[in-house]
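Colleague: Could you build the full structure based on these sequences and the hints that come with them?
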Amino acid sequence: MDFDLPAEHRMIRDTVREFCEEEIAPIAQEVEDEHRFPAEVFDELAALDMMGVPVSEEYGGLGGDQLMYALVTEELGRVSGGIGLSYAAHVSLGSKPIELFGTDEQKEEWLRPLATGEGMGAWALTEPGSGSDASDMDTTAEYDADAGEYVLNGTKQFITNATVANSVLVKAVTEPDAGYDGISTFIVDPENDDGFEVTTVWDKMGLNCSPTCEIQLDDVRIPEDRLLGEEGEGWTQTMKTLDGGRISIAALSTGLAQGAYEAAKEYAGEREQFGQPISKFDAIRDKIVDMHRKTERSRLLTHKAAVKYDEGNRVTEESALAKLDASESAREVAEDAVQVLGGYGYTEDFSPQRFYRGAKLMEIGEGTSEIQHVVLGRQLGL
Amino acid sequence: MKVLVTVKEVAEVGDDFAIEGTGIAESDLEYDLNEWDDYAVEAGVQLAEADVADEVVAVTIGPERSEETIRMALAKGADRAVRVWDDALTEEFLDVAGKVSLLEAVVAEEEPDLVLSGVQAADDSFGATGVALADRIGFEHAAVVNDLEVAADAGVANVHRELEGGVEELTEVDLPAVLTVQTGLNEPRYASLRGIRQAQRKEIAAKELSDLGLSAEEVASALTLTEMYEPESESDAEMIEGDAGEAAGRLAEVLREKGVGA
Ligand SMILES: Cc1cc2nc3c(=O)[nH]c(=O)nc-3n(C[C@H](O)[C@H](O)[C@H](O)COP(=O)(O)OP(=O)(O)OC[C@H]3O[C@@H](n4cnc5c(N)ncnc54)[C@H](O)[C@@H]3O)c2cc1C
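The listed protein sequences derive, respectively, from chains E and L.
Under the numbering used here, the first sequence is numbered contiguously, ending at residue 382.
Under the numbering used here, the second sequence is numbered contiguously, ending at residue 262.
Since the hints were derived computationally from the structure, they do not count as laboratory data.
In this text the structure is predicted, and so the values were computed from the model without any measurement.
It is possible that some hints are incorrect.
Pairwise CB distance ranges (calculated) [stated by the list, open to error]:
(1) L:239 to E:21: 24 to 32 Å
(2) E:376 to L:28: 39 to 47 Å
(3) L:220 to E:342: 34 to 42 Å
(4) E:43 to L:235: 39 to 47 Å
Listed next, the stretches of chain E that the computed footprint assigns to chain L, with coverage defined by at least 3 CB atoms under 8 Å from CB atoms of chain L [unchecked claim]:
(5) 49 to 63
(6) 354 to 364
Heads up, incomplete: computed chain L residues facing chain E, CB under 7 Å, no partners named [said to hold, decoys possible]:
(7) 190
(8) 200
(9) 204
Don't be surprised by glycine CBs; every beta carbon is placed ideally from N, CA and C.
Modeller: Below you can see the structure in the form of structure tokens.
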């Protein structure tokens, strides 16, 4: 077992870190305050070949593995959870399913612009009435045989990137009463498909530079070649997609924790009270040691899940475990970072509050922590 | 036209470090590509992108560890690299003359039209390698270059040199030449991830002294490092506080104490 990253991965991580520190960190709070999706940052990420890290070179991606993708996502999280979230949703949810389940034509038309970073990807599963119980959805896709088109109707909730997306992968019921087997996935083009409308962009507790949207689908007619995979495969696709997606949320969480830990460690070494740096007080030192412990643990679980994924295994257990642990750790580490900075930690002039706000989402998106327990319980045969 | 870029892996120390003998403890060192060499690499790559250069070769003197840093030059667009090292070099301090002998041998093999070199290295800061190399190999040279245009057909490089006091000198340098590159010449790019991946497959040719037809004596240093210590730093800064009147009063007092206007 080799715990050292391959040289190529290390070089990529270091370069991405340098880019993030120089170009993203200085604007990370500003884009949060403005609730602004920083398109210019994503253009730069595209120029550096970051938008399609785990997508094959044949379709404009980098051809890297899940481990490489996890490293890049962690580095983004270390400076901006919001940019990291939009990035992870673009790659894991918006792009990977097209690569895994699409035809060559679909990959050429829809995957390539995402992998090269020309456009953003999005993925719409959640609805107002179905969140954790995602398969209980109301959105329908009816086949109009005469026109050779599907007609989509419904509402999707909390869809990352919908306002800026080139394509949205929409889950809809094609066969009512068939349960899991009645769900299919469709590639929807927000700009050119009539009847697609973003009805709300939510103001959130954090991650506000990443647009989270409610979508209305009103008789959206799309040609039948926009069906991804076969009819009825939507749910199994979802499970596979989330196996990969949860690794990226775990990586993002590790990044948030790392950012918060570093901020606290640096501050504690400089801030003096009672005539000494506060890091010399046992209470603060122990907190920082624990922050480091949790961050390192998250990283190990994340890398393990990524490596298993790259070996071609199903990683339902590993990815759920990594996501559960890393998201919880990120929230705890970020909260402790606020505490270490005292009153300054509570202000927006310092980063811990931003990590804290961002970390909370990681325990909710792509399956809440409660749902990760359900998944893991099942894996353990409970 | 062929461009040879000299690059060096430099050691950086943090705030806390321990001195061991005539060096700094290995565990306190971090290695990175020398900042000025980054400008030189960028200049070389830009010449290739403008179709002025056909090939950009990076050359370094350093142990195997330095390959990771040198690979960054390849990731940014250099075509291949040469790394010179020999067990004989690990023992002693390698001075400028020694480095120049090694680079001279590489120049003889590569026959570049232009050698780009950082104006100095961030660690030992001799600031001499580039110009000393030019002297040895009989190339024209210009130092502290912060603007560069190469007219390959005419066989000249038009350069700006930064002189003291903000004065700029414009010079025409005949090729082949060695230019040492200063901050401001360009804005080095980030290596793209594809560049990094491709760099893993680019050649780094390792050369020992015997490959270059040199002996240990020929590169032996005339300089010996005798001691390394941290100088005592003294500072007695006084922050003058209070409103303008009070501050001016205190400042006048201090100046008088120091003998100003006495
Ligand atoms: C910022 C953000 C971005 C998002 N991006 C996307 C996206 O791009 N695409 C997308 O499709 N969705 C997205 N989501 C939706 C997200 O996946 C859901 O919010 C999440 O799955 C939870 O669903 P819910 O909000 O309906 O909560 P509910 O399912 O209503 O859960 C409420 C509470 O009940 C608990 N609970 C529910 N069922 C159980 C159970 N069986 N056992 C124990 N506890 C249970 C939950 O854990 C939770 O604590 C995003 C959400 C946010 C906030």
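Colleague: Taking the Cβ atom of residue 220 of chain L and the Cβ atom of residue 342 of chain E, is their distance within the range 34 to 42 Å?
Modeller: The hint (34 to 42 Å, Cβ to Cβ) is violated, given that residue 220 of chain L and residue 342 of chain E are roughly 59 Å apart.
Colleague: Hint residue 190 of chain L vs chain E: min CB-CB distance below 7 Å?
Modeller: Nearest chain E Cβ about 5 Å off; hint holds.
Colleague: The hint names residue 200 of chain L as touching chain E; please verify it with the least Cβ-Cβ distance against 7 Å.
Modeller: For residue 200 of chain L, the interface hint holds, since the closest Cβ of chain E sits about 5 Å away, which is under 7 Å.
Colleague: Taking the beta carbons of residue 43 of chain E and residue 235 of chain L, is their distance inside 39 to 47 Å?
Modeller: Holds, at about 46 Å.
Colleague: Taking 8 Å as the Cβ threshold, is the statement that the segment 354 to 364 of chain E is covered by chain L upheld or broken by the three-residue rule?
Modeller: Our answer is that it is violated, as 0 residues pass the Cβ test (under 8 Å) against chain L, missing three.
Colleague: Count the residues of the segment 49 to 63 of chain E with a beta-carbon closer than 8 Å to any beta-carbon of chain L: does the count reach three?
Modeller: Contact hint for the segment 49 to 63 of chain E vs chain L: holds, 5 residues under 8 Å.
Colleague: Close enough to count: is the Cβ of residue 204 of chain L nearer than 7 Å to one in chain E?
Modeller: 12 Å, violated
Colleague: Between residue 239 of chain L and residue 21 of chain E, does the beta-carbon spacing fit 24 to 32 Å?
Modeller: 31 Å, holds
Colleague: So the hint says 39 to 47 Å: do the beta-carbon atoms of residue 376 of chain E and residue 28 of chain L match that?
Modeller: 43 Å, holds
The structure fails to meet hints 3, 6 and 9 from the earlier list, while all remaining hints are met.
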